[in-house]
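Colleague: What follows is each chain in one-letter form.
Number of protein chains: 4
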Amino acid sequence: MISSPDAPAANAFTLTLSCPDRPGIVHAVSASLVAAEGNITESAQFGSPETGSFFMRVDFTSPRSYEQVHTELAATASAFAMSWELHRAGRRTRTLIMASKSGRCLNDLLFRQRAGTLPIDIPAIVSNHRELEPLADFYGVPFHHIPVAPDTKDQAEDRLRALMAELDIELVVLARYMQILSNDLCRDLSGRAINIHHSFLPSFKGARPYHQAHARGVKLIGATAHYVTSDLDEGPIIEQEVIRVDHARSAAQLAALGSDVEGRALSKAVQWHAEHRVLLDGRRTIVFS
Amino acid sequence: MISSPDAPAANAFTLTLSCPDRPGIVHAVSASLVAAEGNITESAQFGSPETGSFFMRVDFTSPRSYEQVHTELAATASAFAMSWELHRAGRRTRTLIMASKSGRCLNDLLFRQRAGTLPIDIPAIVSNHRELEPLADFYGVPFHHIPVAPDTKDQAEDRLRALMAELDIELVVLARYMQILSNDLCRDLSGRAINIHHSFLPSFKGARPYHQAHARGVKLIGATAHYVTSDLDEGPIIEQEVIRVDHARSAAQLAALGSDVEGRALSKAVQWHAEHRVLLDGRRTIVFS
Amino acid sequence: MISSPDAPAANAFTLTLSCPDRPGIVHAVSASLVAAEGNITESAQFGSPETGSFFMRVDFTSPRSYEQVHTELAATASAFAMSWELHRAGRRTRTLIMASKSGRCLNDLLFRQRAGTLPIDIPAIVSNHRELEPLADFYGVPFHHIPVAPDTKDQAEDRLRALMAELDIELVVLARYMQILSNDLCRDLSGRAINIHHSFLPSFKGARPYHQAHARGVKLIGATAHYVTSDLDEGPIIEQEVIRVDHARSAAQLAALGSDVEGRALSKAVQWHAEHRVLLDGRRTIVFS
Amino acid sequence: MISSPDAPAANAFTLTLSCPDRPGIVHAVSASLVAAEGNITESAQFGSPETGSFFMRVDFTSPRSYEQVHTELAATASAFAMSWELHRAGRRTRTLIMASKSGRCLNDLLFRQRAGTLPIDIPAIVSNHRELEPLADFYGVPFHHIPVAPDTKDQAEDRLRALMAELDIELVVLARYMQILSNDLCRDLSGRAINIHHSFLPSFKGARPYHQAHARGVKLIGATAHYVTSDLDEGPIIEQEVIRVDHARSAAQLAALGSDVEGRALSKAVQWHAEHRVLLDGRRTIVFS
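Residue numbers (my numbering), protein chains in the order written: chain G, 1 to 289; chain Y, 1 to 289; chain Z, 1 to 289; chain S, 1 to 289.
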């Protein structure tokens with residue numbers, strides 16, 4: 001990591017990969033990195049006993065170009081049948097945020113993006129309502145009002161897909177977007193759409209969950225951020241948060257506290273995704289945080 | 001609270017009550033306390049909008065005897081149709097602990113009781129196995145081995161009931177007791193038996209919950225301490241705790257961490273019950289902690 | 001609390017009081033409330049053994065006017081030498097926020113106020129810089145730029161005092177305001193100005209605290225919200241929060257995480273103050289949360 | 001990791017190392033592991049920008065013997081000027097626990113060791129008092145009473161050193177041992193003695209810290225587990241924990257809650273040390289947890 005004064009300026013990269021576990025993976029990858037004049041600054045590996053998969057994330061610097069580094073790694077990746085990605089550090093994930101009327105999560109994401117702690121660009125906000133348009137305007141993010149009715153749902157998803165294509169969207173964040181996406185869209189967004197929902201111990205099925213939680217007198221309320229799958233709210237979990245509550249809180253106050261927790265869990269999940277710290281291991285995630 | 005030098009030594013009491021909410025409750029109770037020369041040291045009240053019940057807990061001192069104070073309060077309690085209890089401070093709740101093979105929760109309770117932070121006496125430990133007998137012996141608590149087989153369950157519960165009667169048991173703590181109590185016993189123990197079980201977000205039904213939690217990659221695991229009802233694991237919640245885990249923990253490690261959290265939640269619930277801080281409001285608890 | 005159909009509409013009030021502890025306080029207060037046709041919905045009392053003071057907070061409803069209720073309570077308050085306040089529920093605390101360049105805490109407060117979870121009005125934001133003016137504009141709050149230089153400090157504080165008088169300010173929140181207030185102003189604002197600052201275990205003196213915390217490899221970073229006193233950062237603590245960090249976080253990342261925690265602790269402290277849940281007990285606070 | 005049926009049974013190892021950061025470290029280490037037929041199951045690396053050091057921890061399996069693996073790694077270690085250790089997985093750290101009268105931390109450690117969640121052996125408990133002897137007896141651990149008086153301190157430390165030598169002690173845990181070790185002993189135990197002490201925000205100097213914390217009305221109390229250095233309570237931090245408290249807790253109750261937190265922080269620190277997850281980076285620790 002200590003560069004000699006006459007070395008060319010180094011670029012920072014992040015490599016993530018997963019593959020069937022077998023001997024020699026780290027050695028092969030590090031050989032490719034040495035060949036690319038790479039210096040590792042932070043790295044983590046994990047072999048999953050259940051799925052027999054191996055996971056690796058490497059932050060490194062190299063004086064070579066992205067293309068040169070990519071080429072060095074490609075042969076190794078191929079030899080080990082890796083799923084892999086090479087990211088330029090500092091390149092921000094192009095993120096589309098969807099929301100409905102509640103602005104808590106959206107406000108959190110926009111503020112953190114602006115403050116520089118969330119490495120994403122937000123070229124678009126999509127909503128089925130108009131309430132959050134002023135917030136989008138304040139942050140200078142184009143706001144797309146795409147209303148959804150039972151008979152226009154297909155059409156609305158077509159507009160969303162078109163927008164994603166046009167804007168090169170890499171990540172979709174459902175920041176309290178209160179419409180259910182179609183199975184087709186969920187499948188197409190697999191691994192690149194993050195949703196947030198409330199979580200309780202015990203869990204409550206059906207409508208008005210905070211009223212149910214209040215009626216049971218729960219002492220903790222929580223939130224789960226997860227990847228979207230067609231199985232509603234059952235996708236791989238990225239992050240969870242809870243806070244303590246007591247009997248004196250009304251259902252409405254629980255819901256307000258819940259939205260705080262949702263904002264925190266969602267922001268963390270988006271940050272970890274955007275920093276390429278989340279890898280999929282079947283139905284669960286490996287988070288190199 | 002500042003007693004004059006020649007005042008008789010004051011006794012400390014705790015009063016708890018609940019009744020249908022209407023004007024004048026606090027005034028009537030405080031009038032009775034004034035009549036009993038009582039000085040309030042800590043108190044809390046809460047009116048539950050959902051159930052229309054009013055809850056009150058008062059710590060106070062008085063130079064009068066327990067019987068005298070009781071008499072002063074009885075008329076008020078009757079006039080307002082109160083459920084109420086008057087406790088001598090420092091009188092320890094007679095507690096029977098039931099456990100099976102896992103000693104984590106039992107060890108916590110015994111250690112805290114011995115250290116003086118848990119205001120209970122433990123005249124008996126009941127187990128359907130023998131593994132925990134040495135731990136009971138170390139703390140000098142009589143250990144009762146009551147094995148349970150499908151055809152001896154009634155008999156076992158009869159022995160338990162006899163033991164409870166003989167020892168004047170006021171509270172039963174199920175500290176990882178892995179047998180299901182009969183509906184009759186659950187009903188008879190209503191409000192004076194505390195159980196602990198694991199809790200997750202989302203919750204998992206069926207066997208091997210930590211394996212399920214591991215397979216879903218949960219980021220938090222928790223525990224819920226609750227009063228026993230005939231509806232298994234659905235009784236009024238007293239306390240909940242969680243801790244953070246990550247992908248590298250095996251199902252066995254999750255279970256070990258889970259037992260830590262269970263021990264903490266159960267100890268707190270027992271403490272609050274024994275300090276008369278928990279009142280029942282239908283399916284939920286009011287905890288004046 | 002269950003009003004008869006023909007009763008006049010009830011108003012909700014909050015009463016807070018403290019006085020030297022002696023028998024009969026609760027009884028006298030509840031007698032006044034009965035005389036005012038008051039119904040208690042939530043209440044808490046606490047006698048402080050150290051200072052010999054008694055503290056009480058009561059939420060109640062009454063069909064009487066504020067003036068009538070106030071009159072009923074005044075005689076009791078006088079008899080017990082109480083410090084006391086009677087608040088109309090729903091009346092929002094008039095709050096002036098001061099900030100410098102960092103917007104995290106300000107953004108939190110503005111969002112929560114707008115969302116209705118923080119019972120305050122914000123008639124003014126004061127800053128010694130201009131960076132946060134657009135945020136104030138977005139929320140429609142008048143922004144007052146009052147620069148501070150060593151030789152203009154008195155003048156700046158005069159402008160602040162004039163603004164507070166003109167706007168009937170009841171609470172000042174220092175939301176990362178990086179100027180030290182004069183001793184005179186601190187004294188005048190005693191009990192009605194809240195500050196936020198970072199907190200660590202162990203604590204670090206002097207400049208660049210997050211660099212010091214990083215150098216020591218702390219595993220938790222925190223924030224403390226407290227009342228302003230002339231003894232810098234040593235006023236009565238209202239709320240504290242922490243989060244977990246690890247060795248891989250840089251000092252800059254620690255500072256960013258720290259500002260999250262600061263925002264949370266400050267918002268809670270402001271909420272509790274505005275809900276009249278915080279009472280002063282010498283150098284410490286009683287928080288009836 | 002997937003072994004062929006006729007492969008020799010693999011042994012599990014943990015390698016930890018640190019060295020001056022430069023290119024090729026991971027590659028060289030992984031080459032040695034490949035040469036030793038090693039399969040990595042979990043691994044983490046970190047380059048510390050402040051100290052210019054690189055840290056690595058690798059869990060791996062190999063069919064070779066400890067000596068063979070050690071030989072393969074030794075050349076690489078030498079070439080990169082590494083501080084390094086190779087541990088057989090499952091080999092338990094030989095740990096001597098020192099305590100005085102308070103048994104909370106000791107009880108936690110003994111219970112967890114017995115339960116199998118703490119990979120240590122405890123061949124001796126040393127105390128300057130006799131109160132904890134029965135607890136040691138219950139767990140079958142030899143108890144050594146080494147009283148300490150001002151004029152016998154040297155002698156007491158000589159006995160301790162002799163005991164450590166005789167029992168091949170690798171780790172000393174000060175589990176609320178209320179005597180200050182000499183500078184010489186602290187230096188000799190550097191990196192292999194763990195202490196626990198209370199921590200507050202703000203911190204309090206001098207005697208009776210819980211009384212000071214109570215007088216300031218802190219809302220959180222905590223504990224810090226750290227390596228012993230001659231600079232009292234200022235050694236590299238391994239783990240920190242906090243819990244929430246409120247105004248109603250007395251100083252004695254704060255101290256009881258504090259001992260819970262101390263037990264938790266200390267147990268975690270010992271676990272991580274014994275799992276070879278803690279590496280020293282100057283005044284701070286890298287914890288690969």
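Check each hint, because a few of them may be wrong.
Which copy is meant is left open, so a pair is good if it fits within one copy or across any two.
Unchecked claim - Here are the simulated DSBU-like pairs of lysine-lysine, each with C-alpha atoms no more than 30 Å apart in a straight line:
1) LYS101 - LYS205
2) LYS268 - LYS205
3) LYS101 - LYS268
4) LYS205 - LYS153
5) LYS101 - LYS153
Since the hints were made in silico from the structure, they are not lab data. Just so you know, these numbers come straight off a predicted model, no measurement behind them.
Colleague: Now tell me if each hint is right for this structure.
Modeller: Okay, the hints, checked on the actual structure:
1. LYS101 - LYS205: This pair counts as within: shortest intra-copy Cα distance 22 Å, inter-copy 34 Å.
2. LYS268 - LYS205: both (26 Å within a copy, 28 Å between copies)
3. LYS101 - LYS268: Both, since 21 Å and 24 Å are each at most 30 Å.
4. LYS205 - LYS153: Within one copy only: 25 Å inside a chain, 34 Å across chains, cut-off 30 Å.
5. LYS101 - LYS153: Answer is within: at 18 Å inside a copy they meet the 30 Å cutoff, but 44 Å across does not.
The structure agrees with every numbered hint stated previously.
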